[in-house]
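Chemist: Sequence:
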Amino acid sequence: MSPDRAVLQRALDRGEEEGGSVEFKERLTEELHLSEGRLESLAAQLRHRVLSGEGEATYVVGVTDDGGLAGISPAEFSESMDVLSLLADEAGAHIEAVQTWGVDSGTREADDGTGGADSEGDATQGIVGVATVREGAVLEDDDHIVVGTAGHVDHGKSTLVGSLVTGEADDGEGGTRGFLDVQPHEVERGLSADLSYGVYGFDDEGPVRMDNPHRKTDRARIVEESDRLVSFVDTVGHEPWLRTTIRGLVGQKLDYGLLTVAADDGVTATTREHLGILLATELPTIVALTKTDLVTDERVSEVEREVERALREVDKTPLRVERHGVDAAIEEISETVVPVVTTSAVTGCGLDTLDEMFERLPKTGGEVGEFRMYIDRTYNVQGVGAVASGTVKSGEVEAGDELLLGPMQDGGFREVDVRSIEMHYHRVDEAKAGRIVGIALKGVREADIERGMVLLPRDADPDPVREFEAEVMVLNHPTRIGDGYEPVVHLETVSEAAKFYPEDGQLLPGDAGTTRVRFKFRSYLVEEGQKFVFREGRSKGVGTVTDVRTD
Numbered sequence: 001m002s003p004d005r006a007v008l009q010r011a012l013d014r015g016e017e018e019g020g021s022v023e024f025k026e027r028l029t030e031e032l033h034l035s036e037g038r039l040e041s042l043a044a045q046l047r048h049r050v051l052s053g054e055g056e057a058t059y060v061v062g063v064t065d066d067g068g069l070a071g072i073s074p075a076e077f078s079e080s081m082d083v084l085s086l087l088a089d090e091a092g093a094h095i096e097a098v099q100t101w102g103v104d105s106g107t108r109e110a111d112d113g114t115g116g117a118d119s120e121g122d123a124t125q126g127i128v129g130v131a132t133v134r135e136g137a138v139l140e141d142d143d144h145i146v147v148g149t150a151g152h153v154d155h156g157k158s159t160l161v162g163s164l165v166t167g168e169a170d171d172g173e174g175g176t177r178g179f180l181d182v183q184p185h186e187v188e189r190g191l192s193a194d195l196s197y198g199v200y201g202f203d204d205e206g207p208v209r210m211d212n213p214h215r216k217t218d219r220a221r222i223v224e225e226s227d228r229l230v231s232f233v234d235t236v237g238h239e240p241w242l243r244t245t246i247r248g249l250v251g252q253k254l255d256y257g258l259l260t261v262a263a264d265d266g267v268t269a270t271t272r273e274h275l276g277i278l279l280a281t282e283l284p285t286i287v288a289l290t291k292t293d294l295v296t297d298e299r300v301s302e303v304e305r306e307v308e309r310a311l312r313e314v315d316k317t318p319l320r321v322e323r324h325g326v327d328a329a330i331e332e333i334s335e336t337v338v339p340v341v342t343t344s345a346v347t348g349c350g351l352d353t354l355d356e357m358f359e360r361l362p363k364t365g366g367e368v369g370e371f372r373m374y375i376d377r378t379y380n381v382q383g384v385g386a387v388a389s390g391t392v393k394s395g396e397v398e399a400g401d402e403l404l405l406g407p408m409q410d411g412g413f414r415e416v417d418v419r420s421i422e423m424h425y426h427r428v429d430e431a432k433a434g435r436i437v438g439i440a441l442k443g444v445r446e447a448d449i450e451r452g453m454v455l456l457p458r459d460a461d462p463d464p465v466r467e468f469e470a471e472v473m474v475l476n477h478p479t480r481i482g483d484g485y486e487p488v489v490h491l492e493t494v495s496e497a498a499k500f501y502p503e504d505g506q507l508l509p510g511d512a513g514t515t516r517v518r519f520k521f522r523s524y525l526v527e528e529g530q531k532f533v534f535r536e537g538r539s540k541g542v543g544t545v546t547d548v549r550t551d
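Heads up: the sequence shown runs through residues 1 to 551, numbered per full-length UniProt numbering.
Just so you know, these hints were derived from the structure itself, not from any lab. On a predicted model such as this, the values are computed, not experimentally measured, just so you know. From the three backbone atoms N, C-alpha and C, an ideal C-beta is built for every residue, glycine too. It is possible that part of the hints are untrue.
Said to hold, decoys possible - Derived CB-CB ranges, DEER-like:
{"id": "1", "residue 1": "L508", "residue 2": "T296", "range": "34 to 44 Å"}
{"id": "2", "residue 1": "Q409", "residue 2": "Y379", "range": "14 to 24 Å"}
{"id": "3", "residue 1": "E527", "residue 2": "E446", "range": "19 to 29 Å"}
{"id": "4", "residue 1": "D461", "residue 2": "N380", "range": "28 to 38 Å"}
{"id": "5", "residue 1": "T514", "residue 2": "E322", "range": "41 to 51 Å"}
{"id": "6", "residue 1": "P362", "residue 2": "E396", "range": "14 to 24 Å"}
{"id": "7", "residue 1": "T514", "residue 2": "T336", "range": "19 to 29 Å"}
{"id": "8", "residue 1": "D459", "residue 2": "E30", "range": "53 to 63 Å"}
{"id": "9", "residue 1": "E302", "residue 2": "N380", "range": "32 to 42 Å"}
{"id": "10", "residue 1": "G55", "residue 2": "D463", "range": "44 to 54 Å"}
Whenever a hint applies, use it, and build me the whole structure from the sequences.
Modeler: This is the structure we're talking about:
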């Protein structure tokens, strides 16, 4: 959706009327505005504007001093935002949101998306942007957990998350689900077809929820106001999109899983499949019994027993939170103990319990070491360029960092720079392990970035592989698995066909053994210890990388 042009006009009008909290700039440059002595002066001016605007200031970039629309190139706009971010940080503030517009600007050089200029130039389009700067620092990473949802179609995953992030009761028709589904056909059909995201938080007074989840600035407000943040990666329950669900659970750096089981339907084959994926990745998981308003207390008890049997079948211990309390659930939740919560998005039953758990559960997903992020999605944003989205797996990244991106089709890596970083539409200067972020990259086109690629520090020495050795367990398969078996392997954000070559020549259902795994089309960055899921039709299994083999 393109930004509302009225937002730009209001900013221009406010600049003429108020002056104090609105600043017009054609562009900002590192050489001029960050020079010795200038940075401190400009940061003080920015601080004054923030205070004049009761904690908020507006910077309109790409305009003349009198508010005329000049327009600047994407490269100039990106540099301007980087400089403004540094000035805001110096002033104890941060950029909360940025909106951009294309305007007629005369003949100029045009950024080609790789940080250089197009030789022919662009005779008409420049960029004007409105940046909102707010007082205060951004959230510490230790106070941010990421939760992946799973469960059968129509078992209320998206509805439950929608009610949690807004605090609104569902209408009994899955209305709050619409706060997460992002495609028109998803809203029309009431089925999620891709990963979607939700966020809410906590401060000293309790939950900080969304007023309008469809508004980007509302998500940014949650990040700004919360002392504790909870991000949801909402996956897909419909069988045809199981591959997308696996991507959401394996490809994100999650802290916890949330599996929904509807009281009117009970445990299904898909429930067991999603449970197997969650537990195979050793993710601490909560089971939420949903739609309890539709059935009797006797039916709720019956489904609770079904859930407990399903957990015990895979050697997990269920813990009923209603009986044992939140303290016990937080203390005991692990790879082997699974809390079970009874909920209803319509009546609100159990939502306070989930609130308390999510407010208190410790972070588990962060890893120490060098920065690493596997790419899950890509975008092209006007005025910014190529954006790679994913969850930071380890280390930390800052605006201005020099990185490597790859492997490309030829197995090599490309040098790129970090233009800026956003989390839930909230611009941040850095991000650590466990955060879901979008990183704007200089030095590459969006068309050249693919899911499954990885971002690494510039001085890293990555060695992508076409083949690796793994310990696998076959969870379900109609016959034996022999040489040349070809499932799809889901490892981090990689989803690629691969051939198996079992060490003993074959693997039977329920077997655990060693196999060589060879990607069918290209190489990826694979490391020892990584977990993966493989699937072909209804056949599936899990594995752990034990040895990597370079070509």
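Chemist: A separate judgement is required for each hint: does it hold in the structure or not?
Modeler: Now for the hints, and whether the structure bears them out:
In this structure the supplied range 34 to 44 Å holds for L508 paired with T296, their Cβ-Cβ distance being about 43 Å. With their beta carbons about 21 Å apart, Q409 and Y379 fall inside the hinted range of 14 to 24 Å. Judged by the Cβ atoms, the range 19 to 29 Å given for E527 and E446 holds: they are separated by roughly 26 Å. The beta-carbon spacing between D461 and N380, approximately 30 Å, falls within the hinted interval of 28 to 38 Å.
One distance hint, 41 to 51 Å for the beta-carbon pair T514 and E322, holds here, with the actual separation near 44 Å. Look at P362 against E396: about 19 Å separates their beta carbons, and that is inside 14 to 24 Å. T514 and T336 have their C-beta atoms about 25 Å apart, which keeps the hinted 19 to 29 Å range intact. Between D459 and E30 the C-beta distance comes to about 23 Å, which lies outside the given range of 53 to 63 Å.
As the Cβ distance of E302 to N380 is approximately 51 Å, the hint placing it in 32 to 42 Å is violated. For the hinted restraint 44 to 54 Å between G55 and D463, the CB-CB distance of approximately 49 Å keeps it satisfied.
Checked against the numbered hints above, the structure violates hints 8, 9; every other hint is satisfied.
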